Amino acid sequence: MTATSRMHPQLVLLLELQDLRSQHRELGEEEGAGEVERAHFHIDLEKARSELEDKIQELEASLNPVVRKRYQRVLPNRDRVVVPVINGVCYGCFVSIPTATVGDEGAHQELQGCENCGRFIYILS
Amino acid sequence: MELRELFTAEAVKLELEADSKDAILKELIELLGLDEKSDTILFKTLKRRENLGSTGIGKGIAIPHCRSLVVNKLCLAYGRKPGGMDFNAIDDAPVQHFFLIVAPPLEVSNQYLPVLGKIAQFAKDPDIPGRLEEISQPEEFLDLLREKAPR
Numbered sequence: 000m001t002a003t004s005r006m007h008p009q010l011v012l013l014l015e016l017q018d019l020r021s022q023h024r025e026l027g028e029e030e031g032a033g034e035v036e037r038a039h040f041h042i043d044l045e046k047a048r049s050e051l052e053d054k055i056q057e058l059e060a061s062l063n064p065v066v067r068k069r070y071q072r073v074l075p076n077r078d079r080v081v082v083p084v085i086n087g088v089c090y091g092c093f094v095s096i097p098t099a100t101v102g103d104e105g106a107h108q109e110l111q112g113c114e115n116c117g118r119f120i121y122i123l124s
Numbered sequence: 000m001e002l003r004e005l006f007t008a009e010a011v012k013l014e015l016e017a018d019s020k021d022a023i024l025k026e027l028i029e030l031l032g033l034d035e036k037s038d039t040i041l042f043k044t045l046k047r048r049e050n051l052g053s054t055g056i057g058k059g060i061a062i063p064h065c066r067s068l069v070v071n072k073l074c075l076a077y078g079r080k081p082g083g084m085d086f087n088a089i090d091d092a093p094v095q096h097f098f099l100i101v102a103p104p105l106e107v108s109n110q111y112l113p114v115l116g117k118i119a120q121f122a123k124d125p126d127i128p129g130r131l132e133e134i135s136q137p138e139e140f141l142d143l144l145r146e147k148a149p150r
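These protein sequences, in sequence, are chains A and B. Taking numbering that gives the first Met the number 0, the leading residue of the first sequence gets 0, the next gets one more, and so forth. Taking numbering that gives the first Met the number 0, the leading residue of the second sequence gets 0, the next gets one more, and so forth.
No false leads were slipped in.
Heads up, simulated BS3-like pairs for lysine-lysine below, C-alpha to C-alpha not over 30 Å straight-line:
{"hint": "1", "chain 1": "B", "residue 1": "58", "chain 2": "B", "residue 2": "20"}
{"hint": "2", "chain 1": "B", "residue 1": "36", "chain 2": "A", "residue 2": "54"}
{"hint": "3", "chain 1": "B", "residue 1": "117", "chain 2": "A", "residue 2": "46"}
{"hint": "4", "chain 1": "B", "residue 1": "46", "chain 2": "A", "residue 2": "46"}
Derived coverage of chain A by chain B (criterion: at least 3 residues anywhere in the stretch with Cβ under 8 Å from a Cβ of chain B; other residues may be distant):
{"hint": "5", "stretch": "14-25"}
{"hint": "6", "stretch": "47-60"}
Hints are computed from structural coordinates only; laboratory data are not their basis. These figures come from a predicted structure and were not determined experimentally. From the three backbone atoms N, C-alpha and C, an ideal C-beta is built for every residue, glycine too.
Chain A extracted, bound-state conformation:
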């Protein structure tokens, strides 16, 4: 079993939420992913974004109140609420995360945040 197999359930929800937000943002790019989705996959972008918004709201409502409060505090100021930590660096603000945080095998068993930018962090090896 890996560290991520013992992941905090709220972190799992946050990762799903962040993936949905990435999808939603990209479908709004007229000359980027949105155009690719329309041209190659015939996606109705407006309808797709509306469906994703509904799903995002549903998942946000399923966060526990404490996590949701923190999520809502970070969200207005950041395009991404959950960011990966790669090689000890927060990929939200690009500041180093303390070794004690990223080095713990059970790091994903509790919700952790970047002390600098406040985003939730997800440690990728």
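Dock chain B against chain A, hints included.
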């Protein structure tokens, strides 16, 4: 970067066993070699993308794709389902060939969209479905990419 350099033989499966849309996605995800929890999150993200509209682009080819936090680099896999299966493709034809593309939310080299476009272009070459049918070893798939994929 050429498509050939982004695939590995380990991420190529010429006899997909699954016989439903969900099971095909799971089998493709397994080819990426992630951990169990990442597989689960990735499946949900891909499934949600499929719910917006099938990634079956016709002529027996589908390109499931998404960005996800569970990967730290662009990950690709190819799977072939002999005989094909229903994937709600835009031409309603069975799909035999599946190209999976997963990218992290942020990429330094920004390869995701160009790679997605290249695979769509590769797949639309009228020779490709037939050539993919003839492959008997994963290395031959990589050779075909080297020969025919756009640069």
